[in-house]
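Enquirer: Quick note, our numbering runs 551 ahead of the 1-based positions in the sequence shown.
Source of the hints: derived by calculation from the structure; they are not laboratory data. Keep in mind it's a predicted model, so treat the numbers as computed, not measured. Among the hints, erroneous ones may be present.
In silico lysine-lysine, BS3-like type, Cα no more than 25 Å apart, as pairs [stated by the list, open to error]:
no. : residue 1 : residue 2
1   : 618       : 786
2   : 701       : 597
3   : 618       : 597
4   : 618       : 660
5   : 660       : 708
6   : 635       : 701
7   : 834       : 786
8   : 712       : 597
9   : 723       : 672
10  : 672       : 712
11  : 1101      : 854
12  : 944       : 562
13  : 660       : 635
14  : 563       : 834
15  : 824       : 854
16  : 712       : 635
17  : 563       : 1101
18  : 931       : 944
19  : 660       : 627
20  : 660       : 672
21  : 712       : 660
22  : 660       : 701
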Amino acid sequence: MLKLANISVTKKLQLIMALALVAFVAVSAVALLDYRQVMLGDRMDKTRNVVEVAGSAVRAQYERFQKGEISEAEAKAAAIAQVKALRYEGQNYFWIIDDHAQMIMHPFKPELDGTDASNIKDPNGVRLFSEMTVAVQAGHDGFVRYGWPKPGMDKTKPTAKISYVSAIPEWKWIVGSGIYIDDVNTAFMAQLTKFGAIGLFTLLVLGGVSWIIARDIRVPLGRITHGLAALAEGKELPPQGDERRDEIGVMTRSLQDLNARLSDARRLEDVQKSDALAKLEQKAQLEAEIDAFKGTVGDIMGKLGGATHDLKHASDDMTHMVTSVNDKSRTVTAVTGETSGNVQMVAAAAVEMSASIREIASQTGSCSMAIRDVVEHMHKASTTSQKLDEATKRIVEIVDLIQNITGQINLLALNATIESARAGDAGKGFAVVANEVKQLATATGRATSEITVNIDNIREVSQDVIQVLHAISRGVDTVDQIAVSISSAVEEQSVVTADIAANMNTASMNTDRISHNVEDMSRASDDATVSARKTSSSAHILSEQTEHLKTEILTFLDRVSA
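Whole structure, please, built from the sequences with the hints as guidance.
Expert: The structure is reproduced here in structure tokens:
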């Protein structure tokens, strides 16, 4: 197994850069795929929405046929005409086929109307209209992808297209429309180019910086290594100036000090050959200087070890933080899932409330129609009462005429009685007849008087009925207005409820997208955890190497001082 201790510092820096580049590429790939999926979902939603509008137009004509307003043939013809005239985003259109892929209507290819479209293929061999009938068999609607030449372009090179089809089961029709999605691929490639340029720039910057840092570390360390090897062989190092303020500068200066002290030691050794006392004194001085150098090296190694220890702790802290982020991401995912469920429940409740509101609107409309019937009957009753009043007026006039005639008859009977009295016995029979006529006239007068009284009562009652009918008519008109207001309010509430349901469905889809993004972030955090653990392992190995270097230097100094 490859050990980090056997890898050079330059290779380690290059490995760190490679890991960073891989992480950047992975995150960019996830972001690009998510971006393409979102754009494709937007195109699919747009196609679904416009096809649902066309389907609603067809269903509206079917409902007119169900209500008896028009015949079924007229309803189908009106539906075909409406769908044929619909356009969106320029020249995007709709077509209608039946459940056996028989073409009902195609706005730009009328020669296909009434023909079998099941064998029509795209340049890739996909039987697109047959696939549409299969798509609606599962759930009354669905999407179909195929390739189709774009207008104005090479017909031998199909362009990606997606269609949404929706079934009209009452007539066994399928309404559909499609849009080209090559702009999605174009936008995806533009983003891919953008991320590629950023990645290349990042690679160049990281490569340049890494090369500079690696060279800045590798070259001085090489000089130090060669210097130590030369010192170990007893060679004297040439003077070197180094103004660095980092640990490498300290080590370089320490190496120069060591070189100087070793040179002094060698010169002292030459002097000791002639003077033993001077040799002992210089040896003592050298040992003191070596001890001082040991202290310096110990301090340097201690600082380096402390820095390595801090790096390890920082890596451990980063691991804990990333783990915490993972836990919180999972919590957010759970909460988002629960929120999505709640939003879907609210949407279902809104749909149920919308159905109830439509039922209320239907009942209110029925009530309004009944009220209008009552108003019409009230108007008829009022007209009849007025006609009754006019008839009683004419009867009164006739009764007055009868009373006048009765008075004249009484006058004639009186004259006849007087004439019969003058005639004597010859006029007795005539007197009896005149008396009978008088009695009949008197009875007629009493009857006409009673009729007059009853007619007056009828007229009074008729006037009261007319006034009551007018009052009832005004009250019914008020109730009708209230019913109309209720119907309007219910219709407005139905529209609002439908909007609520649509917004809840959109919120549910957005919540699902958030959940997917959080899962992607959790996976990225897992990758960061692995990187942090590798960094911690590298710090541990570096700490071991530092201790080993410290031991070697002290051993070397011990050998020198021995």
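Enquirer: Against each hint, give a clear statement of whether it holds in the structure.
Expert: Hint-by-hint comparison with the structure:
Only pairs whose Cα atoms come within 25 Å are accepted, and residue 618 paired with residue 786 is rejected, the gap being roughly 113 Å. With a CA separation close to 19 Å, the supplied pair residue 701 and residue 597 stays within the 25 Å bound. Restraint check for residue 618 and residue 597: the C-alpha separation of about 32 Å exceeds 25 Å, so the hint is violated. A C-alpha spacing of about 33 Å is found between residue 618 and residue 660, which places the hinted pair above 25 Å, so the restraint is violated.
Under the criterion of a C-alpha separation no larger than 25 Å, the hint pairing residue 660 with residue 708 is consistent with the structure, at around 21 Å. Between residue 635 and residue 701 the CA atoms are separated by roughly 20 Å; this keeps the pair inside 25 Å, and the hint holds. Between the alpha carbons of residue 834 and residue 786 the distance comes to roughly 19 Å, so the proposed pair stays at or under 25 Å and holds. Of the pairs offered as hints, the one joining residue 712 and residue 597 holds, with about 13 Å between alpha carbons and a cut-off of 25 Å not exceeded.
Restraint check for residue 723 and residue 672: the C-alpha separation of about 22 Å stays at or below 25 Å, so the hint holds. Using a Cα cut-off of 25 Å, the hinted pair residue 672 and residue 712 holds, with the two alpha carbons roughly 13 Å apart. A distance of roughly 12 Å separates the Cα atoms of residue 1101 and residue 854; the hinted pair therefore holds under the 25 Å criterion. A threshold of 25 Å between alpha carbons decides the hint, and for residue 944 with residue 562 the separation of about 124 Å lies outside it, so the pair is violated.
Note on residue 660 and residue 635: the hinted pairing holds, with a Cα-Cα distance of about 11 Å set against a maximum of 25 Å. Pair hint residue 563 plus residue 834 does not hold up; C-alpha atoms about 43 Å apart against a cutoff of 25 Å. For a cut-off of 25 Å, the pair hint linking residue 824 to residue 854 is broken: about 41 Å separates their Cα positions. Restraint check for residue 712 and residue 635: the C-alpha separation of about 20 Å stays at or below 25 Å, so the hint holds.
Distance restraint check for residue 563 and residue 1101: the Cα-Cα separation of roughly 21 Å lies within the 25 Å cut-off, and the hinted pair is therefore satisfied. Annotation: proposed proximity of residue 931 to residue 944 holds, straight-line Cα distance about 20 Å (limit 25 Å). Between residue 660 and residue 627 the CA atoms are separated by roughly 19 Å; this keeps the pair inside 25 Å, and the hint holds. At roughly 15 Å between alpha-carbon atoms, residue 660 and residue 672 fall within 25 Å of each other, so this suggested pair holds.
Restraint check for residue 712 and residue 660: the C-alpha separation of about 18 Å stays at or below 25 Å, so the hint holds. For the hint pairing residue 660 with residue 701, the CA-to-CA distance comes to about 15 Å; that is within 25 Å, so the pair holds.
The structure does not agree with the numbered hints 1, 3, 4, 12, 14 and 15 stated previously, though it agrees with the rest.
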